[in-house]
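Engineer: So you can see what is in the structure, the chains are spelled out below.
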Amino acid sequence: MKQRPFEERYAPGWQAFAACLDRLEHPNAAQKASQTASLPVAELPAAYRQLCQHLAIARSRCYSGSLLARLNQLALRAYQQIYRTPQRRWPVVLHFLTADFPQRVRADAGLFWLCAALFYLPLLSMGLMVYQAPELIYSLLSPESVTELEAMYAPGKTTADRKAADDVAMFGYYIYNNIGLGFRTFAGGILLGVGAAFMLLLNGVFIGAVSGYLTARGFIETFYTFIAGHGAFELTGIVLAGVAGLKLGWAVAAPGRFSRVEALRRAASGGVRLILGVVALLLLAAFIEAFWSSNQAIPAEIKYAVGIAGWLLVILYLTLAGRRAPDARFLSKTDQPEG
Amino acid sequence: MLPVTPIPLDTLRRLETPEGIELSLRVAGPVARALAWSVDGLIRYGALWGLLMVLTMLGGGGIGLWLIALFLAEWLYPALFEVYAGGATPGKKALGLKVIHANGAPVDWPAALIRNLLRAVDFLPLLYGFGLIAMLCNRDFQRLGDLAAGTVVIYRDPLETMSQWPPGPALSPPFSLSPAEQQLFIDFAERGATLNPNRQEELADLLASHTGQYGVAGIERLRAYARWLAGAST
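Protein sequence lines correspond, in order, to chains A and B. Anchor point for the first sequence: position 268 equals 268 in the numbering used here, and the numbering is continuous, going up by one each time. Anchor point for the second sequence: position 170 equals 170 in the numbering used here, and the numbering is continuous, going up by one each time.
No incorrect hints appear here.
Just so you have them, the derived chain A footprint on chain B, three or more residues with Cβ under 8 Å:
| no. | stretch |
| --- | --- |
| 1 | 21 to 31 |
| 2 | 66 to 75 |
| 3 | 108 to 115 |
| 4 | 149 to 158 |
| 5 | 177 to 188 |
Calculated from the structure, these hints are not laboratory results. Heads up, the beta-carbon is just placed ideally off N, CA and C, and yes, glycines get one too.
Model the full assembly from the supplied sequences, consistent with the hints where possible.
Structural biologist: This is the structure in structure tokens:
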């Protein structure tokens, strides 16, 4: 059969097929006064297989490029309708938070301790050094920033200084800044892990320096009651963002039995799920930081108690949650165990 | 075995489906994608600017909401559109592009997040430097985020070609042609509208030794062969 008769014989079927795809792709668009009758959706798979056959025939007979392009386009659109990932929402979110995320953290325990070291060692050593020699702070911060910092935590500030509206503003700032930093840490990991490690070190050094300085200046109560509440969630979130980033870097540096790109793809699939957990932790931290930590009416003892409870909660959550949950039950097909 | 169509000198990505056929995707290059990104930038920062005007009137709370909007616009705007609007941000839509999985499936949340979070690295050292280098180093113009997410950016629609050509005589070619050669004749006729007359003559003259005709007559002769090869009724 030559091309023209072939086209003329099957064109009506292709038009009905296309109309069906239009309807699936734009379910909201009101059914336009369609000249062509649409195929019932239930018949789409069978029609798709037939279209594939037509495409194969057309190709083997070397029909023209434009016919091939049209059939190719129809087949591609149908393929995307048929092979889409099912959308499951709340059960997946719930399972992720209660089991999947802590399981993934435990599966990467080695990287976790590495990232914890990359973050807490600079934090502690910088903290001690600045505590011994407070003027070292000026090697990191400009004098204006130091003045600002002191103003923020100087004892004797009254609650009236800060209004509810400022809390909301700070909440927005913590989300924009902290979660953005978490994302950058993850992304930077792809550069052989250097970006992620650098972000961990940098954060550790700065947080350590500020803590050491404020401790040395004696602003102990104002500072530590402020950071007690959200510290557990924020610091753990930073470390876990580093884990997600180093996973990428490790995959690129040592892909094992996969090609480098394939190893990267697998690591990213696991890493992005860690990052979702990081987002949850940092959101919680931002909320606490904006609306609880800043509230100076709460007695110091309660703030310290809540801070310790936060650490216990994070530790118990990451070590115990999801221990008995079936593994990989709701995982998507792209999510094979990392090699 | 199928007589496979010759690998075109085109940015096509071949994709084999479970039905055993090969689909081809037209992957989009850096220029189209940069333009789409600029359009998105205008939309995003225009909207943020407008929002800033409104929200500053609300004082501190408004600033907080604006910062959250800034966060969403910076990180999640592309991912949201790619998942819920058929794989295309408004900018990509304007340029006829869309994002799909390299295996042809529509892009899902994890992939959309990966490719958009890794933008932060693709953007380094400035204006997508790393992204451009990565795009030039692989066949499918994937930036780092695309590589990690396993996605490609493609043109949504096939190239415009003319499937209805002007009627005319159909002539059986007086020489034998392989299937691939036959396809070249038909392609020439179909793509006539996209080539200017001089270029058409130039191409037709290459076959003058076979058609015995030069210039416009040569083009007509090739079209006549093409009609016969395509099986047009005379």
